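Trainee: Listed below, chain by chain, are the residues.
2 protein chains.
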Amino acid sequence: MNEVIETILAHRSIRKFKDKPLSEEMVTTLVKCAQSASTSSYQQVCTIIGIDDREKKEKLAELAGNQSYVADNGYFFVFCMDYNRHMIAAEMKEAEIFETIESTEAFIVGTVDAALAAQNLSVAAESLGLGIVYIGGIRNRLKEVSDLLGCPEHVLPLFGVAVGYPDANPGKKPRLPLPAVFHKNNYQSTEETKDWLTQYEKETSEYYTERTGGKRTEGWVTQITGSMASPKRTYMKDFVRSKGLNKS
Amino acid sequence: MNEVIETILAHRSIRKFKDKPLSEEMVTTLVKCAQSASTSSYQQVCTIIGIDDREKKEKLAELAGNQSYVADNGYFFVFCMDYNRHMIAAEMKEAEIFETIESTEAFIVGTVDAALAAQNLSVAAESLGLGIVYIGGIRNRLKEVSDLLGCPEHVLPLFGVAVGYPDANPGKKPRLPLPAVFHKNNYQSTEETKDWLTQYEKETSEYYTERTGGKRTEGWVTQITGSMASPKRTYMKDFVRSKGLNKS
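So the protein lines, in turn, are chains Y and S.
Residue 87 in UniProt numbering sits at position 87 of the first sequence; the count goes up by one each step and never skips.
Residue 245 in UniProt numbering sits at position 245 of the second sequence; the count goes up by one each step and never skips.
Same chains, same names: a pair is fine if it fits in one copy or spans any two.
Capping the alpha-carbon separation at 25 Å, the derived lysine to any residue pairs in SDA-like fashion look like this:
no., residue 1, residue 2
1, 232, 247
2, 59, 186
3, 237, 99
4, 184, 68
5, 57, 178
6, 172, 43
7, 194, 91
8, 237, 40
9, 59, 233
10, 32, 2
11, 173, 92
In case anyone wonders, no lab produced these hints; they're calculated from the structure.
For clarity, every value in this text was computed on a predicted model and none was experimentally measured.
Make a model of the complete structure from these sequences and hints.
Mentor: And the structure:
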């Protein structure tokens with residue numbers, strides 16, 4: 001165990017921050033950490049839009065489903081898949097690269113690049129005593145978010161990360177049993193998966209029962225299949241295609 | 001600056017490892033770190049397949065384009081987007097969730113979940129003095145990789161991470177200038193992007209010229225537009241759809 005592993009294992013999402021902005025120096029350090037992550041074939045497909053403008057933060061909070069911590073935090077980062085840069089580079093070199101950029105493969109590359117960068121930023125922030133929470137909610141009304149931030153074609157805001165001085169100390173919900181998510185040399189059998197899910201349902205049911213004094217008793221299996229029963233953000237396919245991404 | 005930030009900023013990909021396997025304890029610690037990452041709406045969409053079977057490693061190395069370090073390392077992890085677990089959960093609860101799972105939105109969620117987990121594992125590995133390299137090459141022949149690992153429908157191997165004791169000390173290529181990837185409150189103008197790309201082309205051209213004694217002089221803009229001119233892995237859209245993902 002070292003400081004790095006301790007920081008990583010201590011992670012929990014923070015949804016209440018003190019009214020204290022990050023210093024400019026901290027923001028720069030965090031962005032440098034983000035940029036230090038691996039990138040597929042040196043393509044560097046991630047752009048980060050840093051938001052400290054109060055009005056924009058409030059608008060983003062509204063678009064993300066009125067999550068107050070999108071506005072009230074120390075700093076807000078929006079992570080984007082960005083192939084606009086490559087399109088401009090191609091124009092400078094009179095090259096044609098849109099077939100690459102429009103592909104499903106490039107959509108995977110861009111999403112991974114942005115997520116690796118974001119996780120570096122998050123771990124670095126936590127090492128400085130800050131708290132973080134990922135905001136997938138910016139995808140609730142992504143066209144409006146994209147317009148608000150002035151994102152051109154081939155740029156897709158993927159998620160936000162709110163960072164700040166923690167003003168809450170939430171518990172940690174139990175994760176799936178390790179053998180359910182870590183298979184050896186071969187994907188595990190359906191029977192094994194079922195067994196782990198049954199065990200996990202029991203464990204999370206007990207966890208919720210205890211935490212809510214019996215008001216809530218359903219475990220992860222019940223909860224997740226309930227929440228996944230209605231598809232969300234069903235406009236996404238068309239919107240992403242309208243941005244010139246994930247088309248072919 | 002602390003140990004965490006130092007570890008993150010010191011990252012470089014390692015492509016040559018000593019012939020020494022990771023201890024089982026190390027592997028478990030790394031997977032726990034991976035599992036500690038944020039996950040969208042508690043969905044936990046990532047499954048890791050750990051590969052220590054020599055024959056499978058060699059087959060994977062071949063499928064990834066004969067990259068020797070896919071076979072020769074301390075341990076090899078394959079990160080998968082995994083909605084098979086949720087499908088089994090839904091069956092247990094007689095719920096219908098395939099519309100959610102087949103969506104572009106779910107494809108983003110699953111890719112992000114897997115990448116966050118992988119970056120935690122990578123940073124943790126580096127903190128232990130190990131080296132890592134991401135292997136997007138497993139997507140060269142993804143159907144064969146998926147079959148080799150026995151991945152069912154709704155499971156998509158996304159990339160590998162080779163981990164091991166470093167046997168090389170490579171340099172670090174210059175990344176894009178920070179203001180090119182970090183915009184403030186609004187996506188930057190095309191003129192600004194062009195200026196940064198022009199500066200970066202010069203910087204990387206000088207870097208390569210010096211490193212190769214003048215044999216190679218082209219910078220990032222030239223290199224990347226050249227490498228992106230031919231689309232890669234063009235089968236991806238159909239393959240991903242055949243797995244029941246990224247369809248709607």
